[in-house]
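Chemist: Going down the list, the sequences are from chains A and B. Sequential numbering of the first sequence, starting at 327, is according to this note's numbering. Sequential numbering of the second sequence, starting at 327, is according to this note's numbering.
Take every hint as true, because none was put in to throw you off.
Identical copies go unnamed one by one, so any copy, or any two together, can satisfy a pair.
No more than 20 Å apart at the CA atoms, straight line, and that leaves these computed lysine to any residue pairs for SDA-like: (1) LYS598 to THR402; (2) LYS563 to MET431; (3) LYS598 to ASP371.
In case anyone wonders, no lab produced these hints; they're calculated from the structure. What you are looking at is a predicted structure, and each value in this text was computed from that prediction instead of being measured.
2 protein chains.
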Amino acid sequence: MRDVAVIGVGCTTFGEKWSTAFRHLFIEAGALALEDAGVQGEQVDALYVGNMSAGRFVEQEHIGALIADYAGLATTHIASTRVEAACASGGLAFRQAVIAVASGMEDIVVAAGVEKMTDVGTGASVEALAGAADREWEGFVGATFPGLYAMMAVDYMHRYPLSREDLAQVAVKNHSNGAKNPIAQFQQEITIDTVLRSSLVADPLRLFDCSPITDGAAAVVLAPLERVHEFTGTPVKVLATAQASDSIALHDRRDISTLDATVAAANRAFSKAHLTPREIDLVEVHDCFTIAEIIAIEDLGFCRKGEGGRLTREGETALGGRIPVNTSGGLKACGHPVGATGIKQVWEVVTQLRGEAGARQVDSAEIGMTHNVGGTGATVAVHILGVT
Amino acid sequence: MRDVAVIGVGCTTFGEKWSTAFRHLFIEAGALALEDAGVQGEQVDALYVGNMSAGRFVEQEHIGALIADYAGLATTHIASTRVEAACASGGLAFRQAVIAVASGMEDIVVAAGVEKMTDVGTGASVEALAGAADREWEGFVGATFPGLYAMMAVDYMHRYPLSREDLAQVAVKNHSNGAKNPIAQFQQEITIDTVLRSSLVADPLRLFDCSPITDGAAAVVLAPLERVHEFTGTPVKVLATAQASDSIALHDRRDISTLDATVAAANRAFSKAHLTPREIDLVEVHDCFTIAEIIAIEDLGFCRKGEGGRLTREGETALGGRIPVNTSGGLKACGHPVGATGIKQVWEVVTQLRGEAGARQVDSAEIGMTHNVGGTGATVAVHILGVT
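For reference, chain A alone in the conformation it holds in the complex:
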């Protein structure tokens, strides 16, 4: 197995992109990533695209070929593969790309994620997203994602010390970071009051506890570490990539205040990289709802179970804190184009490790982590990246 490096990254702005088609979102991100890496299109050996539900959002399947074609890469007949795992599609696309390079099967590989969610109405969008949960049990009885995560929040708050204000603080922090990120969907700061006064979606979660519906794409270029000197980009090494599954339905879990798949994936990643949580300088976690960030930072090992609220309240997860979480603004403020999120997380960590994150830069960041969740935790991808 060869060592693998990220040699270029690109990301579109995230938001409601009415004038950009699904296929063009990828082109923009892909072109930025290739330019950043100093790689020509014809040098690309393979493409992996994370996408959750273009079939339902834009009535298009066969995404790998479509993207290769519109990127001008089908002329060399490159292998192009779509990977799907609901909101963890991007994280898994990155992992497959790493495996392809590590194996020696391919050299220069682009891993991308893309989702165009605003071409259908909110109802159809919520229905499409419900396909990430168990359609025959959860979907059948009308449970949608805000409802499922609200159940997790209720269970958590019943068992551990977490106030409504602590939850709100997650959104406040992530908006504060998003305000410093030029690609973020929401670039304005909010207060705890903004969250508490926003409309109730699924008790206890309010509008500002929820990540938005977003259009966007992100792409990264991978190469064997031994070849990075051939390209102009600043390389960042992939120290570990791990993936874990769990039961798709929330009601089949051992414990709904913990994502066992996060624990499993994190353990595998830390063990592979010979690292511990203490050595991680920043982490992008999957905050599809504020409660998800609280649970994630505990399950990843940044604090003990039940301490996520305190950690957040005391500013330890803010910029300048002990372990900055979601410096990009996270899913909450940067936005959540579901298939693209896992790649955007890598984009943010690489940007930070290269010292190019501007106003949201974490001082002397050398090792970063990403945590990407599908559904309510049935798929989790964790990657660790480090400066070379």
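Please arrange chain B on chain A, whose structure you already have, making use of the hints.
Modeler: The following block gives chain B in isolation, referenced to the frame of chain A:
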């Protein structure tokens, strides 16, 4: 890169399976494959599932996790990944599984394909399948797959010697093979008259030129060649796996009587395996329509361009002929559950190479090939397998 072997295969019967749910189709195929391999569920390291459009057929995404869960594999939190490339989804799932084992990242990996197409009406099914072509150009003007392949047939028949009867002979041969395959959707022989008298779908293609709407699943178990002695199954070696892309829309192709992606994938596979078409004992090709088989046998190198009709007419592609094509019955008679087809092709080749194909057995078969197409040829996967 390690050598990889198929150590077990399983396939459901193909057909209109009204009483079986999407998730249960996989379980049946997976259990058969594990039993065949002599592998316990807890020994499985990873799972790759090919599926085209469960989002539109059964309103379910996040297929990898769902399948792992219902197979009882989520308890060990295995990595489970869905791969999509329209009707080539199964072929690409197999390829990703081979890469995972070859890389050393995983040891025992299940590659599966599944599709449940009959839970929606024919109209919705045709619409879902149209997602394999270019939605914004081909789909937008109402072009569906019979129409697209009919255009290829018209172009081909204008340029090369191919009679309406030659086309029909493809279906006659594949029904003859299907009649000898206990899992086939159609197990009855037909005559050229059956095809010529069937209703016109898209001139010149008639009903019996078209593969059917099918429910079904197939699964295979992979292991490093060096570990096959630990299991009870008869191993078959993966000699090559290749994949190629092309423009998604037919109107952007250089030539619509040839699939350039088939040519590219076949060249890569033959070159990797150090083999030529003469050394292949049987091949499963993607006969979604009769014209597709004619084009495929030429593009794969089994005869020159324009000779596919003659080869078929003279019985060289029949059982006992020079190069038996689609001994399983092909997509036409065995059925075409789109995401499962690429894995069923591997199932058939492995069954043949193990000498277990019963009435449809190819004498002394030692090397077999599969050819799986997405859309009208925007993705092609070609695999070569051989006895160990």
